[in-house]
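Residue numbers (our numbering), protein chains in the order written: chain E, 1 to 274; chain P, 1001 to 1380.
No false leads were mixed into what you were given.
Sample of chain P residues at the chain E side, in silico, Cβ under 8 Å:
no., residue
1, 1027
2, 1028
3, 1031
4, 1060
5, 1092
6, 1107
7, 1347
Don't read these hints as lab results, they were simulated from the structure. From a predicted model like this one, the values you see are computed outputs, not experimental measurements. Beta carbons are placed, not taken as given, at the ideal position from N, Cα and C, and that holds for glycine.
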Amino acid sequence: MAGDRQEPVIRVRGLVNRFGTETVHDGLDLDVFGGEVLGVVGGSGSGKSVLLRTIIGLNRPVAGRVEVLAADILTMSEAEQREIEKHWGVLFQDGALFSSLTVAQNIEVPLKEFYHMPQRLMDEIAALKIGLAGLPEDAGQKFPAQLSGGMRKRAGLARALALDPEIVFLDEPTAGLDPIAAGEFDHLIRDLKASLGLTVFMVTHDLDSLFAICDRVAVLVDKKIRVGTLDQMLRDDHPWIRAYFHGPRGRAAQHADAPKLSAEPARPTASAAV
Amino acid sequence: MVSAAATLVETEDAGSVVLTAAGEWLVATAVETDRRLRTLELPKNRRVTIDLSGVDRIDTAGAWLLLRTEHNLSDRGNAVELRNLRPIFVPLFDQVRAGGQLAPCTHPRPAHYSLKGYVGRIGKITIGLFWRTYSILGFVGLVSSSTLRLALRPGRLRLTPLIAQMEQTGVDALPIVGMLAFLIGVVIAYQGADQLRRFGAEIYTVDLLAVGILRELGVLMTAIIIAGRSGSAFTAQIGTMRVNEEIDALRTLGLDPVEVLVIPRLLGLLLTLPMLTLYANIMGLLGGCLMAWGVLGITIPQFVRELQYAIGGRPTLWIGVIKAPVFAVIIAMIGCYEGFQVSRSAESVGRLTTLSVVEAIFLVIVTDAVFSVIFSMLRI
Chain E
1 MAGDRQEPVI RVRGLVNRFG TETVHDGLDL DVFGGEVLGV VGGSGSGKSV LLRTIIGLNR
61 PVAGRVEVLA ADILTMSEAE QREIEKHWGV LFQDGALFSS LTVAQNIEVP LKEFYHMPQR
121 LMDEIAALKI GLAGLPEDAG QKFPAQLSGG MRKRAGLARA LALDPEIVFL DEPTAGLDPI
181 AAGEFDHLIR DLKASLGLTV FMVTHDLDSL FAICDRVAVL VDKKIRVGTL DQMLRDDHPW
241 IRAYFHGPRG RAAQHADAPK LSAEPARPTA SAAV
Chain P
1001 MVSAAATLVE TEDAGSVVLT AAGEWLVATA VETDRRLRTL ELPKNRRVTI DLSGVDRIDT
1061 AGAWLLLRTE HNLSDRGNAV ELRNLRPIFV PLFDQVRAGG QLAPCTHPRP AHYSLKGYVG
1121 RIGKITIGLF WRTYSILGFV GLVSSSTLRL ALRPGRLRLT PLIAQMEQTG VDALPIVGML
1181 AFLIGVVIAY QGADQLRRFG AEIYTVDLLA VGILRELGVL MTAIIIAGRS GSAFTAQIGT
1241 MRVNEEIDAL RTLGLDPVEV LVIPRLLGLL LTLPMLTLYA NIMGLLGGCL MAWGVLGITI
1301 PQFVRELQYA IGGRPTLWIG VIKAPVFAVI IAMIGCYEGF QVSRSAESVG RLTTLSVVEA
1361 IFLVIVTDAV FSVIFSMLRI
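Sequences and hints are given; from them, build the entire structure.
As structure tokens, this is what we get:
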């Protein structure tokens, strides 16, 4: 059963990333377990997005091992990579929707590419994903330029969920949204995680998101990562972590009495076979 | 990864139909499941029970297919009941039922696919063309009034950006302009020699070169290269500044964007394009001269003498160069105008840069044709 917490779905070991003479990650280790929401935080330039890009194979590290669903991302063949890509969905910062396609066509891209579905079935599944992402019914016909920032993110999420992935990577999902839209997006991710049993890897700056939906928090400090539950992080005495969680914004978010999610992983798709 | 395919078996049981779903209802097998569900003959006006106890794995695509079947059954007047859904799948079903829409997505048909839409599109483009012309004329007026203001107070002219523009549009363009002009000279000399040799009139290759390059090709080639090189750069530079709100920042600092951005580019190109044209003319003649020597055996003194016959006493040399300032104004104006048309999206920078080059080259060639008509009327 993949739902237990013994075997991580993402395992990073000894990761080193360097750009020119600038070392971003130096021997970073990280485990992400099935069915959890992991929030990744860190200062600007601490390499949050680089870590995400490395895990999904867009950035080649200088050294280290990255395994997703027990497959080695750095040494896999192209065919294996295609296979693993069916099992994750990525929401980029501004949605990264293809601007020449409508929202529905955007969602249909992976369906067509991986499963060669007939048009009617694709249209049905696209409508379903649009509904799941909380978009109005007529959004499918619209082009990305016609959508607001919040709707673009929802459309990006709908495309990320097109193949019913087990892992969803979110790069600053609430950045640039107004507080109401950000709160709604947090709720959406929490609902989908609970009902679809997703594992969520979320890079964020948003303290409210952390308190509202994350089971564990990973903080990038000193080119390494510290992982723990929120309570553990609140007790951590690293100066940056203290400043982050105990600054005025951190305190405000803690007292917002955000509804906490039970850590019980629900995995309806029980993907033992992967 | 091999998954046991989804199955749905129909059985009769005590007056009601029982559909037993089993296996893995996943997106990976959705195509096959969908095909079989569509061929399934659905009962009418019966009591139907869908038994889900055999479902091992299910995702949203699978849940959708089951719920679609349930919906189709109720549409046929059946009383449908879902039974024995495993508890861990319940939230997924609820989510799909709550978020799922029954109507599949439709795709907008581009309006111009119909006759009415097509005619409408032509009309829209035509009106747009008039609007653009009006708008470009407005921009020309704006730049002219700024230039006049500057002429009254020449101290305000920004010398450093002007020199920088002259370097970028002029000096930096020397290799490409020279190279292409030289090759054009070679080609004309070669083709001309080939044709004129049949009449024994090889020596007139020099006249062909002189008239062709000095009157038309030298300036036209230079203008086209500069439209592609600098006109596009103007649009991209000013457009990027618009995307970054730099133009708005200039305004709030009390600076006139036309004075800061357009005038250095306009003046710079106005000064460099005639010089580039002269240089292109020389390079073109040089290419032709070398070719005439190589193919026809016309020596360099012979070539120079023939050149004097061809252009001496006539304004051939200046007819080309005189067009250069006009082309410079066209290229700079279009390049800057399109840059200001950029909206706040990065995508429009690319679109307008392409448009700026196409428009500038189009207008340069149209203007060249107008010049030809005028010169022929003036008999020069």
